[in-house]
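So you can see what is in the structure, the chains are spelled out below.
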Amino acid sequence: MKINDVVCPFCGCLCDDLEVTVEDNRIVAVDNGCTLANAKFMSKERLASPIRRTGDGWENISYEEAIQYTVDMLLDADRPLLYGWSGTHGEAQCIGVHVCELVGGIIDSTTSVCHGPSILAIQEVGHPGCTLGQVKNRADVVIYWGCNPLEAHPRHMSRYTTYADGYFLDNAFRERKVIVVDVRETETARVADEFIRIKAGGDYAVLSALRAIVRGKGDVVPGSVAGVSRSQLERIVTLCKDAKFGAVFFGLGLTMTRGKYKNVRNAIELVDELSRHTKFTITPMRGHWNVYGSNEVFTWMTGYPYAIDFCRGIAFYNPGETSAIDLLARKECDACLIIGSDPGAHFPRACVEHLAEIPTVVIDPVPSMTTALADVQIPVAVSGIDADGTAYRMDGVPIRVRKVIEPTLPNDREVLKSIHAKMKEARGQ
Amino acid sequence: MTELLIRNACVIDPLNDICGEVMDIAVRDGKIVESVGSGAEVIDAGGNLTMPGGIDSHTHICGTKVNFGRYMSPEDMRAGRTARQGHMHSTSGYSVPTTYGTSYRYSAMGYTTALEGAMAPLEARHTHEEFTHTPLQDMMANTLFDGNWPIMQAIHDGDIRRAAAIVGWTLSAVKGFAIKLTNPGGTEAWGWGKDVASIRDPVPHFEVTPAEIIRAMIEANEMLNLPHSVHLHCNCLGKPGNHQCTLETFDLVPNANNKRQSLYATHVQFHSYGGSSWRDICSRSEEICRAINSKPQIVIDMGQVMFGKTTTMTADGPMEFNLYRLYHNKWSNHDVELETGSGIIPVYYSRKNLVNSIMWSIGLELALLTDNPWQCILSTDNPNGAPFVKYPEIIALLMSKRYRNEVFETVHPNTEHNVPLAALDRELTWKDIAIMTRGAPAKALGIVDLGKGHLGEGADADIAIYPININETDPATSAEEVIRAFSQTDYTIKRGRVVCRQGTCMVDGKNTTIWVDPHISENYSMDHDPEFAKNFDRYYTVRMSNYPVQEEYIRRNLCIETEAQL
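Residue numbers (this note's numbering), protein chains in the order written: chain A, 1 to 429; chain B, 430 to 995.
The hints are all genuine.
Pairs of lysine-lysine, DSS-like flavour, derived with a Cα cap of 25 Å:
1. B:623 - A:177
2. A:260 - B:759
3. A:217 - A:199
4. A:241 - B:623
Not everything, but these chain B residues come out facing chain A in the computed CB check (under 8 Å):
5. 499
6. 501
7. 522
8. 527
9. 552
10. 558
11. 562
12. 760
13. 761
14. 969
15. 971
16. 974
It is worth saying that the hints were derived from the structure and are not from the lab. For every residue, glycine included, the Cβ atom is placed at its ideal position computed from N, Cα and C.
Build out the structure end to end from the sequences listed, making use of the hints.
Here you go:
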């Protein structure tokens, strides 16, 4: 059986034109997807039953036991952390917020290790953005800054920018100019019309130089800024000012390098400046599938996009204090529920060590590096493969992902609902 | 079967022509009935003011741009927060509260129904998700059609029936309630960083004018037999001299429906400015109201500005950018492909600022100069003019000349040279206020027949009991009491259950989403239109099959099915 217009559950592009072939409730082929999508759909390494660590290995336990373990762990904790959320759908994230509120815990998503700085910048200066279709149909200048879509978001350029058909462009591929800014010549840089190679850590200076030139103050810019010649910067500014519609996309090369949120703020202010001359927009390249959905859900439920601490009853937000890495590094949290992410593979060593010391439950379909730190893992259906639900694309467009095969395991929201119900019962509510 | 009897209620129910009569209200299974048995739960209203639940017919509380207002403003989130308690979740936010915060605060003020003012169809799922978490109000969504490509093309081709068919398909697909036009044509122009300057200024590339869009949408609205009229945010919002644009727009409106208005013009305060620059801006409320008084086919809401901090948010992207260039605070913008735009900036309305003082005056003038209160609904365009928690103060300003004068003394001293407010002696009555906050919005939205906005037999038992005795209180001299009473009900009853008691919400609640599904003949069905489908899949970034909002998003809902003349 072929299923059309399937939504991909891998990255923030949320491509929704995949064709999946299913036989005997197994996926046998995926068309239109990138290699990352194929790997996700075709993965066979799923865990079949909840497991609990024993002295020297693992034992299978029932869902009921696993859920009870989680409930006891959370109710017993003084400073529980509920972390991850990017790999799951919005409905599960909502229940996660309720659970967190009930135990007075901290809820954080992978945002705090990816585009957290972007959000801090947006909270200072705002965000002139748009949906991806605006770029596809109009943009004649596209800038990729500190990101490498050909490898990290493989269909971004073909669906939304460089290679996509656009209503207002006769020959989109020829009419669009692509500018890539990076510290090394990536795959994406090789297909760019202009490649600006910056010395590592020089983003802020280059952005400031561009802003100065846009404002007509180019004479203050030295001949070379972080390895980039003034003449190239001037050429870029002319390209941007002459554009009918310019779109900036930026990645962790901007958010997680020296300057962090100040870099992003400077990039937004460049776009703000260019908006006084022509149309310009800026969009963060959100990586982990529904990470933007976690920000949306947390925001309407609690008021803040990530790193929310309920320990005083009210929602309290102070990234750097209430974000997962900082809590773990301070050894402050004493129990952790991890869902839809793999901090074991990404967090600093000190944080991982602390995770290994405290009771930790992982809700995830597959064994991962985080499994090695966990006491219990609860396997679930995969959102977008055997579970449905809502995900938000990197530009804020919400899309419902479907099940393409019938689940044999409960999904995230069902597991969390049971946890929440049992906790309420235990608290006499 | 559950029964409730409210005794000694001093009822104002304008739709049933009841004004201040002390009576009992019987409720069975969520509906108002003639009588109930002796086992019914009894609430003694103690002779206090009792009205149908409040209806906000234009407010921004759920969806993409509202949430972005929260997301970008931790300072606003910190400015209003409460801890989890009983049935109430924790809340954050002052001008853009979290969904629960909005729901609880509206409920405490006796509001039981609200219309989200602007939903981009492509992002409708988001609005519906937030509706689910706004449990104590029934919700509807104005759906944006101001820059819709296939509709502008149909209008350009002179095919209004096709335009209507696309509206019908979209409303049904996104579970929307009504046609919203925000700066028609201007939001598409903003896709190029431009705007339209008047209702005769053609939209770049599409070569249709705002006037053509407005007229076509009014016609399409009636072809689809929608409960509400076209809901319009006029062009040129916030620009000195824009009253001309507003008056020209009003002149476009036929009297096309005998049950309700043919055009709902929203937040008209922002569209009633004279002058040619910020230096000579003045009120033109008198001309605007003269037009309204002579055109029963138009209903407006005030869009009152109140002093203090708030957040402005609208689909009108170019207007927000202009505002940003005045305020230099922070600016977010979010254009939506093939459909519309949006912008957000925080603002501070200062009584020491002449322009802000004039804006404050104009809103009040509109309410005082519109002869028929059924034509002027109380609103702040929440949160644009002020957060909705300011409604009680607005009510007091409208009911008391003395209170108005007191506040007028504190605004910018030159205000009086630019506005007629000081010369207006009218004081609105309790009944006027009931009309402006219940009867008129229900009638304008076309939901009276669904049992909204009144307390007649068969109506939804959505009831607000305010702690004030209107026979013993002279609102002209008791502004403080009026404000206190309207700020917090004794009881807010929703679907026959007490949902809020003196500010404390008593239940988890569950909202009903009201939406429309116009039945359109096969010939005009966009589901079978190859041209529509081809362009859809070519220019949107979401496939047509993934676009409609699924049933999962509207678990409790009320669908208004209409027969379209198509």
